[in-house]
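Asker: Top to bottom, those sequences are chains A and B. In this text, residue positions in the first sequence follow the numbering used here: the first is 1, and each later residue adds one. In this text, residue positions in the second sequence follow the numbering used here: the first is 1001, and each later residue adds one.
Hints should not be assumed to be uniformly reliable.
[What the hints assert, rightly or not] The list that follows gives simulated cross-link-like pairs (lysine-lysine, DSSO-like), each with its CA atoms no further than 27 Å apart:
1. B:K1075 x A:K170
2. B:K1025 x B:K1003
3. A:K170 x B:K1082
4. A:K120 x B:K1022
5. B:K1025 x B:K1082
6. B:K1003 x A:K120
To be clear, the hints were calculated from the coordinates, so they are not data collected in a lab.
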Amino acid sequence: MQTIDCRNMACPLPVVTVKRALEGAGGESIRVLLDDGAPRENVIRFAAGRGYRVSEEIADGGYALVIDGVGSAEAEDAANPRKSGPAVILVASDRLGDGPEELGRLLMKNFLITLLDLQKLPDRIFFVNTGVLLTTEGSELLGALEQLGNRGVEILSCGVCLDYFQRKDKLSVGQVTNMFTIADALLTSGEVIRP
Amino acid sequence: MVKDGDLLAVFNSIHRVLKAEKELKARGLPILLIPAPRSISADCGLAIRYAPEERLLVEKAMAESDLLPVEIYVKRGEEYVKMQGLGTGG
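Given these sequences and hints, build the entire structure.
Answerer: As C-alpha cells, then:
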C-alpha cells in the first residue's frame, strides 16, 4: 500500500495531495500521514464525501489514515459513462446573466456560496476574464472559495486574466493556471458547467 | 458560511436588502450578504450576516435608515433560532 506523507502541509494541500493520490491509485488503498487539526479533519471530510471508507490510527506524532480505494462517486461514474470524468465549473465573469450589473454580481456570488450546501461538488472551478475579480483581494467570496478548497475543489485562476487586470500579486485563493490546462480540462471533463 | 452565534437579518425584498447592504457598508460595518439558508426561507430570500459583537451597530443602522429585516435569526449549533425584537420590515 502506498504511503503518502502530508505532514507539515498547509491546507488545502493535504486534501489536494490525497485527491491526486486516490485518482492515481486505480482503486488501491492508500495510507496518509497527517497532522492533527484542520488537515486531518478536511481529509476525512473529503474522503467521506466521496464515499471512501476511512480508518484511522495514531502514528508518529500525528495520524495515519487508511483510505479504501473505491469511492461511491467513482463507482457511480463507472456505471454512468456519459458522466465519467470530473465536473468542472467555468466562471467566465463576475456576473451571472446579462441583466443589470448589480443583479449579475449578486447572482454569481449567491451561486458560488450555494455550492457549499450541495452534496456533489465540482472537481475544479476555473476563473477567467472578470471571474478573476472573485479570487483576488477585495472579493467577498474568499471565505467561501477557501472552504470549497478545503473540501477538495481546486480553485484555478487564469494567469493572463490576472495580468490583464493587474491583479497577479493579489490572488488570494487557489492557484494560477493557463489556457492549456483550461482547454484540456474542458475537453476531458465529464461535465462543464458555465453559470 | 454562518458560524455558531452569527446573526442573520432576513429580507424578502431584494431592493431593500441591497439598500441595506449599501448603507451598512457605507458605515464600515463588517457584514456579508448571502442567500438565506433553505431552512429559514422557502424562496430566494437574502440575508445579511453579521457577528454577535456587531449586533448593536448593525441593528441601530438598520433602524436609523428604516431598512428593517423581516426576521432576525441567530445560529445555534446546526439550527437557526428566530429572535424577537427588530423585524417585520421586509
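Asker: Given the hinted pair B:K1003 and A:K120, is their Cα-Cα distance within 27 Å?
Answerer: It holds: about 22 Å lies between the C-alpha atoms, which stays within 27 Å.
Asker: Assess, step by step, whether the Cα of A:K170 is no farther than 27 Å from the Cα of B:K1082, and give holds or violated.
Answerer: Cα-Cα ~39 Å, so violated.
Asker: Do the alpha carbons of B:K1025 and B:K1003 lie within 27 Å of each other, as the hint requires?
Answerer: holds, 20 Å
Asker: Is B:K1025 within 27 Å of B:K1082, Cα to Cα?
Answerer: holds, 24 Å
Asker: Does A:K170 lie within 27 Å of B:K1075 when you go C-alpha to C-alpha?
Answerer: violated, 33 Å
Asker: Between A:K120 and B:K1022, does the CA-CA distance stay at or below 27 Å?
Answerer: violated, 33 Å
Checked against the numbered hints above, the structure violates hints 1, 3 and 4; every other hint is satisfied.
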